[in-house]
Structures are given as C-alpha cells and as structure tokens.
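Chains as they are written, first to last, in numbering that gives the first Met the number 0: chain D, 0 to 238; chain H, 0 to 238.
Derived by calculation from the structure, the hints in this document are not laboratory data.
Please note that a few of the clues may not be correct.
Below, in silico cross-link-like pairs of lysine to aspartate or glutamate (EDC-like), each with a Cα-Cα straight-line distance of 20 Å or less [unchecked claim]:
(1) H:Lys178 x D:Asp177
(2) D:Lys238 x H:Glu18
(3) H:Lys237 x D:Glu86
(4) H:Lys238 x D:Glu221
(5) H:Lys238 x D:Glu20
(6) H:Lys238 x D:Glu18
(7) H:Lys238 x D:Asp207
(8) D:Lys178 x H:Asp177
(9) H:Lys185 x D:Asp198
(10) D:Lys89 x D:Glu135
(11) H:Lys237 x D:Asp177
(12) D:Lys57 x H:Asp177
(13) D:Lys238 x H:Glu173
(14) H:Lys72 x D:Asp211
(15) D:Lys228 x H:Glu18
(16) D:Lys178 x H:Glu26
(17) H:Lys178 x D:Glu90
(18) H:Lys238 x H:Asp177
(19) H:Lys228 x D:Glu221
(20) H:Lys237 x D:Glu135
(21) D:Lys237 x H:Glu90
(22) H:Lys238 x D:Glu173
(23) H:Lys238 x D:Asp13
(24) D:Lys72 x D:Asp13
(25) H:Lys159 x H:Asp133
For reference, the chains in residue letters:
2 protein chains.
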Amino acid sequence: MTAKDKLTTSQITDILSKEIEDMDYSENDKFATEREIMERFSISRMTARQALNFLVAKGILYRIKGRGAFVNKRIIQRSHTIYSFTELMKERGMAAGSKLIEFKKVIPPEIARLNLAMSEGEFCYLIKRIRLADGEPYAYEIIYTPVSLVPNLDEYDLEKDSFYRILQQEYHKEFSYDKKTISAVKTDGEVSQALYNNDHAIALKILDILYDVNHNALEYAESWYHAEKYSYLSISVKK
Amino acid sequence: MTAKDKLTTSQITDILSKEIEDMDYSENDKFATEREIMERFSISRMTARQALNFLVAKGILYRIKGRGAFVNKRIIQRSHTIYSFTELMKERGMAAGSKLIEFKKVIPPEIARLNLAMSEGEFCYLIKRIRLADGEPYAYEIIYTPVSLVPNLDEYDLEKDSFYRILQQEYHKEFSYDKKTISAVKTDGEVSQALYNNDHAIALKILDILYDVNHNALEYAESWYHAEKYSYLSISVKK
DNA sequence: AACTTATAAATGTATATACAATAAATGCAA
DNA sequence: TTGCATTTATTGTATATACATTTATAAGTT
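Put together the whole structure using the sequences plus the hints.
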C-alpha cells in the first residue's frame, strides 16, 4: 500500500460504521482498539483516535479509559437521527402510505409564516394527508413549506413518496435539527372523522418545525396521531 | 505562569462554558478562535482545539471551517440535558411544588420491575405525588425506584425536595440518558380528580425510565400532565 | 464598477512523540 | 487460596510540526 492509497478519516469512519451495522455488533460489544485500527489502515494512532472520536460524536460508540471502545445501545444511536413517518413505520414493521386530501399553493397562516421566517404575501405549499399504516388511518397531517424552497414540488407524488426523502435527495436539503411540541388534544371535525370515523375523540398532537444546517426552517407541520395506535418515543442523552 | 500553573483541558472547558453562560453570548455569536484560546491559556493549538471539541460535543458550540467557532442556539444546548420537573418549572418561570399522596416500600408491578431490572420479591419505593405549578395541579406522578439504590430515601422530604436532586447530589448517581414514551390518554378516578376535579378528562401521559452511566435504570415513572397546561418539547439534533 | 488574483485568517487533517491514568491480567508470597 | 504488587494493554492528555481547505478581505486589473 503506497502513501497515495491511504484512506481519509471520513472514509475510515464510513467503513467502520458500516461494519458495526452489517456485522451487527450487539450493544456493549467491544470494538476494535486504537492500535488495531491504526495498523489495519496504516495510519498514526492520533488519526485512528480521531476516527473513533467521530463515531463517539455520532453516538455509535462510547469509550472507557483503560478498557476500550464499545458499541452504544441502539436506542442511543437512534436518538441522533430525525425520523420521517415513512422511516418510523419501517422501524415498526408496518407499511407507510398516504391519502392525499389537499395539495396546493396558499398564503400560510401567521403561525406557520412566522415559524418559517417568511415575508408577508409569500406562498407556501400546503400538503394535507391522512397517513396510513398497513392501510389503516394512523395520523392526520398538515404540512406548510415555502414554495421558494421547493419549487415544482407539485411534480412529485405525495401519496407514494416521502416528503423528507424529496427534501433531502431531490432538493439537497440537509437536516440539522427539529423541534417538536407534543400535546394531548380533543379532536373534532375533519381530523376526528379521518382517524376515528366519529366526532369528539382524543389525539396526540405533534407540532413540528424542521431546520437545515443554516437554521432555515424547511417545514412547519401539524399532525394528529391516533391516540390508541401511537405513542411518541423520546430519548434524551446527557452530554 | 510556570508550567505547573497550567490548567487542564477540562478546567479550561469549564471556564469557557461558564463564560458563555455568564457573559451570555447570543446565539450565533462568534466565539474565541483556537489561536486566542491557545495564547490566553499558554497551551498548544492542538490542546486548544481539544477544549473546543469538548464544547462542540456538549452542543454548546459549532464550528465552520475557515470562519471560526460559534455559540449554538439555546434550544440545541437544551437538548443535551435531562430535566426534572423542578428545573422545567424554573425554566417556565413557575414555582414547582408537590403534594405527597403516598410514599412507602412496595413490591413493584411487573412492568416496573422488568424495566428496573430487579429480581422478584425485591422492594421499591413508591412515590405518588401531585405536582404543582404556582400552587395549581399540573401533573400526577407515580415513581418507582429500587430501595437498594437509594436506601433511607424516606429521610428526605419529597414534598419540598427534588427527587432528581437527591439522586444526583445525595446518592451520587450520574444520569446518562432517559427514555420517554408519550401518549394521549383519557383520565379517570384519582388522576382525573387530582388534575381536573372531575372524571373523564384527557391528559398527556409520560412514561419515563432514567438510566445512569452504567445502564442501570434509576427510576420508572408514570406521569399524567394536565392537557391544557402542558406540552412536551422535544429537540432532535442530527449527528 | 466589476472581475480576478493574491493574501491572510481560521479551521481541518495527519503524523510523531512522550507520558499519565485506568483496568485487567499475571505472578508471587504468605 | 487469598491478597498484594507488577506488568501489560488501552485510552487520555499534551506538545510540536506540516500542510490542506475554506472563507473573507485586500489589492490590482480591465
């Protein structure tokens, strides 16, 4: 192996994190030592350390002085990702689907406009869907997203496609963090009919604002989840 | 300054993070450069980098190549902490209190026993409280915690004191992560009476399991929060 | 004025080295 | 066998150095 064949640290972290997934290490399994990584990739120890540090920062590993590096619990790894409805359903072993109720350009309500940091008179896409799990109503959602951010969004099929996938892969938006406000509410009207086929039931309401790496809000969304079918899982990791 | 006077990296990170709080930098304010930190504390650049990296790992700073380090949004800093009810109320500018309903040693129900990884026949403390905000009922909570973990817990005043404070400061338990399952439920009986003074209302139910650094569960708690007064805020940061 | 180029400032990556601190394994003595 | 001391393996900390990459600014050039 010549010097030019050497991999970069980020390539090495990619290889290592894939190995953790594929060879599926169990949680708390001992991981390779700094020395092993150093020799395997022909890099200095400090560089091997840096590769390990990336995996620690990502929440994949944790380290104990004098013992080594260990694979974190799945639940902690999970806390470092942002889930779409589609991914959530996949995780729970159900088929995600949508029934599109409304999809048009609108002037957003003020609460959405302010959270999306839009100027008055600017247009949003409004996406109103009933989210289905294995064909059954699971949630009722309304998404607002600025037209300027995702022009020609109407070319996509929001019944079959994932909005988060479109944002990331088609419009190259990189998610950074999201802010969810979760409350218990009574439902009525359209929401209640869609979820329960009757009036005056209850739901878990989630208000979501998703940001990219430059602190731009990508979406403002209100969702009502079926109270019997869904509960929200929140993992807080102390740093 | 002689060599022996030199501060350790962790002392330096403490100083820097306190300065961020006290001199309260606004979000996205430019922070000191590596070179400034290096000269100020008479350390090498790599060491200054490491100090900065700690602050990045803690979610306090973020860095942009070619520009410098910047102070993260409060909301992101907050996502790296675990809140007690007491701290939550403080954050919202309300006075936290409790009305103790029940406090005794019991054999825990199976769901609590399994989540606390306890053997059969082992005893738990049961703490049943109505949580008050500015004197008004805010939540109804039941906590189970193994007697073996916190012997003589009954010496403390759970009406005035914070259980999380006692865990950390009196029993030296170090929190690592917690797992919350959040759902919308109908209330009745004791819970409904305590929160709403009537039957058949709704509440935000939070099931909480708190772990220490060795993955030992410290508490299993069920809480019912007043649906009109409380909503749960969840920040997910992508790594 | 607009564009290009050079420079400086800042973080990022990589290496080499030395020693400290912790944890587990080993060996030895009572 | 138990207890203690030693060794070994491993991560943690700190320094010095060199060059790469990105960003913003300044200086020319047209």
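Of the hints given before, which are not true for this structure? When the structure is compared with the hints, numbers 4, 15, 20 turn out to be violated.
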